[in-house]
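Novice: Take a look at the letters that make up each chain.
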Amino acid sequence: MSAGVIRVAGRWTRRMVLGAAVALGGAMAGLPAGVESLGPRAAMADEGEALDRVILTSGRVVEGRILEETAEAVRIMVMLAGIEAPATYSRSEVLKVERGVVKPAGGEAARGDDEEAADRADRVSGDGPVVYHLKLEGMLIPDTGISSFPPRPVIAPSTLTSALADAASFNPEVVVVEYDVAAAGGLGGVLLVEEYGAIVESFIEDGLRVVFWIEDAQGGASLLPFSSPEIFFQGGAELGGMGEVGEIDSGDEMVDKKLMSAALGHAVGMAIEGGYPPEIIRAMCVEANWLAVRFDRGRPEFIEHEPRSSDGEGWIVLTDDGEGQNADDETKLESNDVLNLTSDWAYRLGVSRGEFDQLDDLLWELGVDDDYVVEEGRGTAILESAADHVERTFDSFVRLQQELEDVGRGGAPRQLNILRRLSGLLAAQAEVLDPSGAARAQLEIQIEQLRDEIRRQNQRRR
Amino acid sequence: MNLLRHLVIALAVLAACVTTAFGSATIHLKDGRVLEGEIVRETDTFLFIRVMIGGVGKDELVLRSNIDRIEAAEAPATAPGDEMDELDRDAESEDAAASRDGAVRVAFITLEEMVGPFMFAPALSDSVEALEDDDVDVVILRFNSGGGALAEIEPLIEVIEDEIKPEYRVAAWIESAISAAAMTASICEEIYFMSEGNLGAATGFRQGGSGAESIAGRELEEVLRLMEGVSERGQKNPLVMRAMQVPTELSVDFTSDGRVVWRNDLEGEHIVATENDILTFDSQTAVKYQYARGVANSKDELMRQMGYSDWVEVGFDADEIQQRHREEVARGQTEIQKAFQLLQLSLASGDVVKAQRYLGQLKAWATRNEAFVKYNGLTDENLRQAEREIDRVRREQRRDRR
Numbered sequence: 502m503s504a505g506v507i508r509v510a511g512r513w514t515r516r517m518v519l520g521a522a523v524a525l526g527g528a529m530a531g532l533p534a535g536v537e538s539l540g541p542r543a544a545m546a547d548e549g550e551a552l553d554r555v556i557l558t559s560g561r562v563v564e565g566r567i568l569e570e571t572a573e574a575v576r577i578m579v580m581l582a583g584i585e586a587p588a589t590y591s592r593s594e595v596l597k598v599e600r601g602v603v604k605p606a607g608g609e610a611a612r613g614d615d616e617e618a619a620d621r622a623d624r625v626s627g628d629g630p631v632v633y634h635l636k637l638e639g640m641l642i643p644d645t646g647i648s649s650f651p652p653r654p655v656i657a658p659s660t661l662t663s664a665l666a667d668a669a670s671f672n673p674e675v676v677v678v679e680y681d682v683a684a685a686g687g688l689g690g691v692l693l694v695e696e697y698g699a700i701v702e703s704f705i706e707d708g709l710r711v712v713f714w715i716e717d718a719q720g721g722a723s724l725l726p727f728s729s730p731e732i733f734f735q736g737g738a739e740l741g742g743m744g745e746v747g748e749i750d751s752g753d754e755m756v757d758k759k760l761m762s763a764a765l766g767h768a769v770g771m772a773i774e775g776g777y778p779p780e781i782i783r784a785m786c787v788e789a790n791w792l793a794v795r796f797d798r799g800r801p802e803f804i805e806h807e808p809r810s811s812d813g814e815g816w817i818v819l820t821d822d823g824e825g826q827n828a829d830d831e832t833k834l835e836s837n838d839v840l841n842l843t844s845d846w847a848y849r850l851g852v853s854r855g856e857f858d859q860l861d862d863l864l865w866e867l868g869v870d871d872d873y874v875v876e877e878g879r880g881t882a883i884l885e886s887a888a889d890h891v892e893r894t895f896d897s898f899v900r901l902q903q904e905l906e907d908v909g910r911g912g913a914p915r916q917l918n919i920l921r922r923l924s925g926l927l928a929a930q931a932e933v934l935d936p937s938g939a940a941r942a943q944l945e946i947q948i949e950q951l952r953d954e955i956r957r958q959n960q961r962r963r
Numbered sequence: 449m450n451l452l453r454h455l456v457i458a459l460a461v462l463a464a465c466v467t468t469a470f471g472s473a474t475i476h477l478k479d480g481r482v483l484e485g486e487i488v489r490e491t492d493t494f495l496f497i498r499v500m501i502g503g504v505g506k507d508e509l510v511l512r513s514n515i516d517r518i519e520a521a522e523a524p525a526t527a528p529g530d531e532m533d534e535l536d537r538d539a540e541s542e543d544a545a546a547s548r549d550g551a552v553r554v555a556f557i558t559l560e561e562m563v564g565p566f567m568f569a570p571a572l573s574d575s576v577e578a579l580e581d582d583d584v585d586v587v588i589l590r591f592n593s594g595g596g597a598l599a600e601i602e603p604l605i606e607v608i609e610d611e612i613k614p615e616y617r618v619a620a621w622i623e624s625a626i627s628a629a630a631m632t633a634s635i636c637e638e639i640y641f642m643s644e645g646n647l648g649a650a651t652g653f654r655q656g657g658s659g660a661e662s663i664a665g666r667e668l669e670e671v672l673r674l675m676e677g678v679s680e681r682g683q684k685n686p687l688v689m690r691a692m693q694v695p696t697e698l699s700v701d702f703t704s705d706g707r708v709v710w711r712n713d714l715e716g717e718h719i720v721a722t723e724n725d726i727l728t729f730d731s732q733t734a735v736k737y738q739y740a741r742g743v744a745n746s747k748d749e750l751m752r753q754m755g756y757s758d759w760v761e762v763g764f765d766a767d768e769i770q771q772r773h774r775e776e777v778a779r780g781q782t783e784i785q786k787a788f789q790l791l792q793l794s795l796a797s798g799d800v801v802k803a804q805r806y807l808g809q810l811k812a813w814a815t816r817n818e819a820f821v822k823y824n825g826l827t828d829e830n831l832r833q834a835e836r837e838i839d840r841v842r843r844e845q846r847r848d849r850r
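Protein sequences, first through last, are from chains A and B. The opening residue of the first sequence carries number 502 in my numbering; numbering runs sequentially from there. The opening residue of the second sequence carries number 449 in my numbering; numbering runs sequentially from there.
Hints in this document: simulated from the structure, not taken from any laboratory. Errors might be hidden in some of the hints.
Between beta-carbon pairs, the in silico distance windows are [what the hints assert, rightly or not]: (1) B:Gly665 / A:Glu696: 54 to 64 Å; (2) A:Gln960 / B:Arg816: 29 to 39 Å; (3) B:Arg843 / A:Thr662: 50 to 60 Å; (4) A:Glu906 / B:Ser658: 25 to 35 Å; (5) B:Glu818 / A:Ala939: 20 to 30 Å.
By construction, the Cβ of each residue, glycine as well, lies at the ideal position given by its N, Cα and C atoms.
Let the hints inform the model, and build the full structure from the sequences given.
Specialist: Rendered as structure tokens:
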């Protein structure tokens, strides 16, 4: 019996680095964390030489001299009560490593949460309002887990939560989310984005002013900004590419209609909560929908059918039904079967509140006082670090799968070991790679099968 | 009618959170600032007011939580059905005040995830039982589900109809009620939506090896008939639920006094559904067509909509039962599937000791929660079959040893 493998879609192979093993998750449990031993003070750094800083995922910041940095861990020499001590932190605990950024001031090198918070409070308690700038760049996770993986950095729901929580900790006047995000389109995109929308909405409900500043939003990700009442565009930005939500092939036309209806109900609900016209969402998601607009004292009025003489004059058709002569010619750039919003149209339709290329200009429009302080906090680091962990875990997973295949029959004990490691990797990034737990359950069964095989082999030998 | 309008405006001023309808207004903020202008966009949690600065209009975002009061420059236009709604709410308000001296006692029960294993009638019945000692007046069933098993709809409806309605005022509060969840919620006469809420897409289907297959023939007729009855008991036009189940022409006219008249064609003033689609209401359409009584994004808002200014939340144990049930089902589903597979594996390899152990685990799950029996195959018959299989392997092994 040969142990099966969970196959990974082959299209995402550019990061299949078969280098040194990247131990993560459960495998890191054996690594010593924190201070290893204390010793007499040695020369931590030459007088005036800048120290290094390790930012942990817990929010703790450790400063000292980095001794060793590997794929698995970071070792750093810290000062505790004037005594030098090496400390080791597993990569899964480390958010960011900054070298030579701290001027040694004597005394303790390791800084606790309180000190960090005090620093933050000092900054925040300055005269000017705080503006938190979060660059959200990447791809929302697919709902297919390990079987399909996106080619851009992954933004998991928990990562977005952490980044916004960091923003909230600064008590900012406004959080500007500079948004360059893609996601699958169609039905899957709609269902996927709802979870992220709920996160943004919960922070807004708690009083955080979250503003989306669109650089590019494609597929299901184009719906997420609607969770906020304030959207701005950058020049040349586009929001759209939802694709046809009705493009479902469940095998039954009636079921397709049901799924489309449900998905649209979710998408429209998000727009209504953000205060946007639901007609726009329907036009973004459904090819068959007509959308025409005219303006009454600058305010848009919509109809969702082909304009008739009884509707009056002045209608501009934004999307048609895509049928017959109305079908888009894919060889041409312009298309109007579904609505893709340019900066100009987003503004005219009341989706965008304006186009700004500079943060300063955007903040002026938002009414933020001139003496504002822009904070980037740890938001970007959180996003980058989380995406990096997922990517490395995925790489390790692919590599181990290959190893598993290479071992082949007769290497049962080694196969067993690899399967356990695969399961550990999935557990470490379960939210992205195995959200349902199904892949891990399958691995457990494979492990059990292999154990039986080993047991039988041993019995035969006796 | 003028008196009624003044009452509406007065309530809006007092609460500063009732929908204002677009128009000129003066907003007094809690920080002392006063904004005058035209309200150009609004939701239940915020609004935009267009203020004029140096002759240029600028839209200011104002969170409702920061508003002290709003003064409307003119009475808001009355939408069809609003007057009836306000009269209803007035009557409910009086009823609420008359029903007891102190605060109205309200229990919120969350009904979430898949109808069937997670939204399970016996578990709901347990929750209702837990309400008995709490002196509850009102039960709110908060729906957030993408649907599930048709087989659970009738049992759930029976619990709502026979155990909840006779004892308490009950309302469905919709975050999302798709398919079987929509069918279940429709038994409630009173339905309220959250802003993002949706309800509909109730087409029945089964997932076979060759893909999805919508129910048809006699099976479909039975479900359509069932839902006609449920709609009537929930005081709703059955055409609406039908349009959620199968493509149906559905349109609406409003009478002069704002009542909705449903039509099974496309000749009405407002087209609601056609033969090309399945109906799902969002919060705006649900309220517009009076399927829902209002939109509320918080418990406070919901209580105000239901006419209660003085209320207290009770019945926490009832909801905890639902939460515990859902957690147990989520945990159990994976474990049961695993134990089933491992049982088969053990039998295939002739390890009866292990097989017996996995069977023991499955029996324990079956005892722990009825939902596993109904929805995860842990029936007596299946478990006995597994026992017989283990006995067979054991007998074969004995025979081989002899």
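Novice: The structure should be examined with respect to each hint, and the outcome stated for every one.
Specialist: Hints versus structure:
1. B:Gly665 / A:Glu696: 54 to 64 Å: 37 Å, violated
2. A:Gln960 / B:Arg816: 29 to 39 Å: Because 36 Å falls inside the window, the suggested range holds.
3. B:Arg843 / A:Thr662: 50 to 60 Å: 57 Å, holds
4. A:Glu906 / B:Ser658: 25 to 35 Å: 31 Å, holds
5. B:Glu818 / A:Ala939: 20 to 30 Å: Cβ of Glu818 (chain B) to Cβ of Ala939 (chain A): about 24 Å, so the range 20 to 30 Å holds.
Checked against the numbered hints given earlier, this structure breaks only hint 1.
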